[in-house]
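This is what each chain is made of:
Protein chains: 2
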Amino acid sequence: MSAAKGRAATWGLSAFLALTAANSFAANDLLWREVSPDNLIFMDLHEGRVTIELNPRFAPETVEQFRRLVQERFYDGLSFYRVIDGFVAQGGDGSDLGELSNVPLIDAEFEIEWNEDIPFTSAEQKDMFAPRTGFTDGFAVGRDPAKNSGWLTHCPGVVAMARNEDADSSRTDFYIVIGQAPRYLDRNMNVFGRVVEGMEVVQRIKRGKSGENGIIQDETASSRIRSITLAADIPKQERLSALVMDTGSKGFEDLLDDRRKRKQKFFHHKPPKVLDVCQVPMGGRVTK
Amino acid sequence: MSAAKGRAATWGLSAFLALTAANSFAANDLLWREVSPDNLIFMDLHEGRVTIELNPRFAPETVEQFRRLVQERFYDGLSFYRVIDGFVAQGGDGSDLGELSNVPLIDAEFEIEWNEDIPFTSAEQKDMFAPRTGFTDGFAVGRDPAKNSGWLTHCPGVVAMARNEDADSSRTDFYIVIGQAPRYLDRNMNVFGRVVEGMEVVQRIKRGKSGENGIIQDETASSRIRSITLAADIPKQERLSALVMDTGSKGFEDLLDDRRKRKQKFFHHKPPKVLDVCQVPMGGRVTK
Chain G
160 MSAAKGRAAT WGLSAFLALT AANSFAANDL LWREVSPDNL IFMDLHEGRV
210 TIELNPRFAP ETVEQFRRLV QERFYDGLSF YRVIDGFVAQ GGDGSDLGEL
260 SNVPLIDAEF EIEWNEDIPF TSAEQKDMFA PRTGFTDGFA VGRDPAKNSG
310 WLTHCPGVVA MARNEDADSS RTDFYIVIGQ APRYLDRNMN VFGRVVEGME
360 VVQRIKRGKS GENGIIQDET ASSRIRSITL AADIPKQERL SALVMDTGSK
410 GFEDLLDDRR KRKQKFFHHK PPKVLDVCQV PMGGRVTK
Chain D
160 MSAAKGRAAT WGLSAFLALT AANSFAANDL LWREVSPDNL IFMDLHEGRV
210 TIELNPRFAP ETVEQFRRLV QERFYDGLSF YRVIDGFVAQ GGDGSDLGEL
260 SNVPLIDAEF EIEWNEDIPF TSAEQKDMFA PRTGFTDGFA VGRDPAKNSG
310 WLTHCPGVVA MARNEDADSS RTDFYIVIGQ APRYLDRNMN VFGRVVEGME
360 VVQRIKRGKS GENGIIQDET ASSRIRSITL AADIPKQERL SALVMDTGSK
410 GFEDLLDDRR KRKQKFFHHK PPKVLDVCQV PMGGRVTK
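Heads up: the sequence lines are chains G and D, in that order. Residues 160 to 447, numbered by the numbering used here, are exactly what the first sequence covers, in order. Residues 160 to 447, numbered by the numbering used here, are exactly what the second sequence covers, in order.
These are calculated hints, taken from the structure and not from any lab test. Heads up, some of the hints might be wrong.
Given that identical chains are not distinguished, each listed pair holds provided it fits within a single copy or across any two copies.
Claimed, not checked - List time: in silico DMTMM-like cross-link candidates among lysine to aspartate or glutamate, alpha-carbon distance up to 25 Å: (1) LYS368 x ASP266; (2) LYS447 x GLU272; (3) LYS432 x ASP303; (4) LYS424 x GLU231; (5) LYS285 x GLU223; (6) LYS422 x ASP303; (7) LYS306 x GLU206; (8) LYS429 x GLU283; (9) LYS447 x GLU412; (10) LYS368 x GLU206; (11) LYS432 x ASP188.
Since the structure is predicted, the reported quantities are computational estimates derived from the model, not experimental observations.
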């Protein structure tokens, strides 16, 4: 029996430490990559700041249009008008399907042709939704080698364009995945980015009612976008930068391996040696 | 070209409607079950009300101890002191490991022996983490027929007891899963309940810093539990009741089938006919 333990002391032994050891695992071996300011987006909500990395490799046309809309300040003042807890927060002007919009439609960018020059760190071959999963440029990716194709998977934090029934009907409105990965949407949407910091802010976006399909009719009850800004448009000396895990680094491979094997004594039942590609912590750091 | 469409009109055609049709699918055939007041918990946070259903079938000892602690008002005024975005919100007094606690330890209740009297609606046999998945009493369940065992899976909204390295070391502190299902924890924790309403409230619980393993040292910066109350302890005329999907009903089976097949024209790439047991919307309704 030791002396009385205060809260701080027991925190040090927190029952949960073992569960997230992998989060800090290999921290020294893990390389970090700075996101290019051309692909870095700051979305300021009243709830706080959300930092997004765009992915022009997988969705070049979508990224180009989104960048242009951001630069035209299209989104500033608009709201998240369709928010379903555990599914998506969808924002924009709600007029994606309005014929009067003069914003051009975007072609489907659901998957890309794979080639061996594309970096890829393998995660899993037993995934239910894709023959192979892994990571490319810090993004969770699905691949079908038989069809020589690859796509960005619908993990929490993914940013994609909403659309109508037609495959080529994306235009302006976008959604962020806020719940268990809706992987059935993979290869059906223009996924063009992911939140690298600020998911806790996204999680505070006001929800609509599930009975009303998440739609918030009363704009005063919705979360508003103060502004969306491309980092490249901010003077360099004022600009924040974002560091994300280098998913091609040895340290990242070790982290995946550690999460697959779960060697800690904490695990009385050893889990199957598999990885959910959407359950690997992929946080980034935003710094001055 | 039709007449000008206002926001309300285009909302009616929202690009996303097709994606969640299954949520409202079979609403008429789906039966609802009222949660027994002995298994119904109201957790009031400053952020709002969270409604939880306890599951004594899978974790009888844990439920008994949690009920007793709730009735002793053990949790009232305590905080969520370890909160990692995308993973868990852990609350209690943080003294789970303190030797001075006079609260008894709880035995491991990681899985139960299966028998054919237990209701089960099958979801999937290709799941990465369990030979079979499905639903029992409204809860997502994993099963291993070869070992004749069953367990509650770690889906978002699941409530479980934290513990130390020892399997039998749970005591008072609990966590709620707030991100992509950490299924590697299945069969390793005393899962004893799930949030049936109020996950959007849980998502507003203040996060700790990931570099500090989510621990919030400054109590004034943490989300506090105002009170936790067992519905059975509230006079019947003042008590709210909770309705949850009857996962044994024909309507629920149809809903699963609809989500597996994705017949809507919206899907240009038909997803594999598989179901993530944690990605089936399982919301409840709390009513007077």
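We went through each hint and held it up to the structure:
Taking CA atoms no more than 25 Å apart as the test, LYS368 paired with ASP266 passes in neither setting, with 31 Å inside one copy and 40 Å between copies. Proximity of LYS447 and GLU272 under a CA criterion of 25 Å is satisfied in neither setting, with 37 Å inside one chain copy and 55 Å between copies. Both within a single protomer and between protomers do LYS432 and ASP303 lie at most 25 Å apart by alpha-carbon distance, with minima of 21 Å and 16 Å respectively. Taking the shortest Cα distances, LYS424 and GLU231 never come within 25 Å of each other, neither inside one copy (55 Å) nor across copies (33 Å).
For the identical chains of this complex, LYS285 and GLU223 are neighbours neither inside a copy (34 Å) nor across copies (38 Å), given an alpha-carbon limit of 25 Å. Taking the shortest Cα distances, LYS422 and ASP303 sit within 25 Å of each other only across copies (22 Å), while inside one copy they are farther apart (31 Å). Taking the shortest Cα distances, LYS306 and GLU206 never come within 25 Å of each other, neither inside one copy (42 Å) nor across copies (48 Å). Within a single copy, LYS429 and GLU283 get their C-alpha atoms as close as 18 Å, and across copies as close as 21 Å, so both meet the 25 Å cut-off.
Proximity of LYS447 to GLU412 under the C-alpha cut-off of 25 Å is found in neither arrangement, the shortest distances being 28 Å within a copy and 52 Å between copies. In this assembly of identical chains, LYS368 and GLU206 lie within 25 Å of each other by CA distance both inside one copy and across copies; the values are 20 Å within and 17 Å between. Taking CA atoms no more than 25 Å apart as the test, LYS432 paired with ASP188 passes inside one copy only; the shortest distance there is 22 Å, against 39 Å between copies.
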